[in-house]
Amino acid sequence: AQSVSQHNHHVILSEAASLELGCNYSYGGTVNLFWYVQYPGQHLQLLLKYFSGDPLVKGIKGFEAEFIKSKFSFNLRKPSVQWSDTAEYFCAVEYGNKLVFGAGTILRVKS
Amino acid sequence: KAGVTQTPRYLIKTRGQQVTLSCSPISGHRSVSWYQQTPGQGLQFLFEYFSETQRNKGNFPGRFSGRQFSNSRSEMNVSTLELGDSALYLCASSLDPTDTQYFGPGTRLTVL
Chain P
1119 AQSVSQHNHH
1129 VILSEAASLE
1139 LGCNYSYGGT
1149 VNLFWYVQYP
1159 GQHLQLLLKY
1169 FSGDPLVKGI
1179 KGFEAEFIKS
1189 KFSFNLRKPS
1199 VQWSDTAEYF
1209 CAVEYGNKLV
1219 FGAGTILRVK
1229 S
Chain X
2 KAGVTQTPRY
12 LIKTRGQQVT
22 LSCSPISGHR
32 SVSWYQQTPG
42 QGLQFLFEYF
52 SETQRNKGNF
62 PGRFSGRQFS
72 NSRSEMNVST
82 LELGDSALYL
92 CASSLDPTDT
102 QYFGPGTRLT
112 VL
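Line by line, the protein sequences give chains P and X.
Here our numbering runs 1118 ahead of the position in the first sequence, where the first position is 1.
Here our numbering runs 1 ahead of the position in the second sequence, where the first position is 1.
Calculated from the structure, these hints are not laboratory results.
Do not rely on the hints blindly, as some may be mistaken.
The following residues of chain X were derived to be distant from chain P, with all beta-carbon distances above 10 Å [claimed, not checked]:
(1) G105
(2) V112
(3) L113
Below, a list of computed lysine-lysine pairs in the DSBU-like style, where the Cα atoms sit at most 30 Å apart [unchecked claim]:
(4) K1167(P) / K1187(P)
(5) K14(X) / K1189(P)
(6) K1216(P) / K1228(P)
(7) K1167(P) / K58(X)
(8) K1176(P) / K1187(P)
(9) K1176(P) / K1228(P)
(10) K1179(P) / K1216(P)
(11) K1167(P) / K1216(P)
(12) K58(X) / K1187(P)
(13) K1216(P) / K1176(P)
(14) K1216(P) / K58(X)
(15) K58(X) / K14(X)
All C-beta atoms, glycine included, are put in the ideal place defined by N, C-alpha and C.
Please build the complete structure, drawing on both the sequences and the hints.
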């Protein structure tokens, strides 16, 4: 079955710390990859996406993600987090025309 | 450009009733997908519509159904509501099934 695994359910960081959230997916041929974010009280927003080309993808608000095909991974990174990055982050993989989401990672940034 | 809109935003129903939720996609978007979000199961795909045709369906019982109209607006219906149907129902639209999906704010359904 198609699945997406996010390694950490809760992450707590201090401001200015570096962030890396892991995401692995089950093999399913060609896939499109996404990271979404849900800030407290707001709806789901697209952070970044990878369809093809450069495996290092830059998104909004200083986030980036690297697609490593051999590891079936698409990890999200940010060099220096801010308090406003406190949110839940979802990795999603598009298999065919269906988006499969990971369980989400709740990030809390302490000021 | 206006985003995806969903109505109503909040709904309270009792077991056994049925409910209809509405989604208006971003202007020009012809593909609409529905998702259910719960604390226990996370985000799960319900179904996808494109040009008034259901293209994909997730693993949900037949009580969950949907449709899409010629103006791309979509509705989903849940009949014979159960307590476990309490969730946030999200709609996402895209230009076509191969394009990035953009999500609406969701409809919070509570079943008592």
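Structure versus earlier hints - violations, ascending order: Checked against the structure, the hints that fail are numbers 1, 5, 6, while the rest are satisfied.
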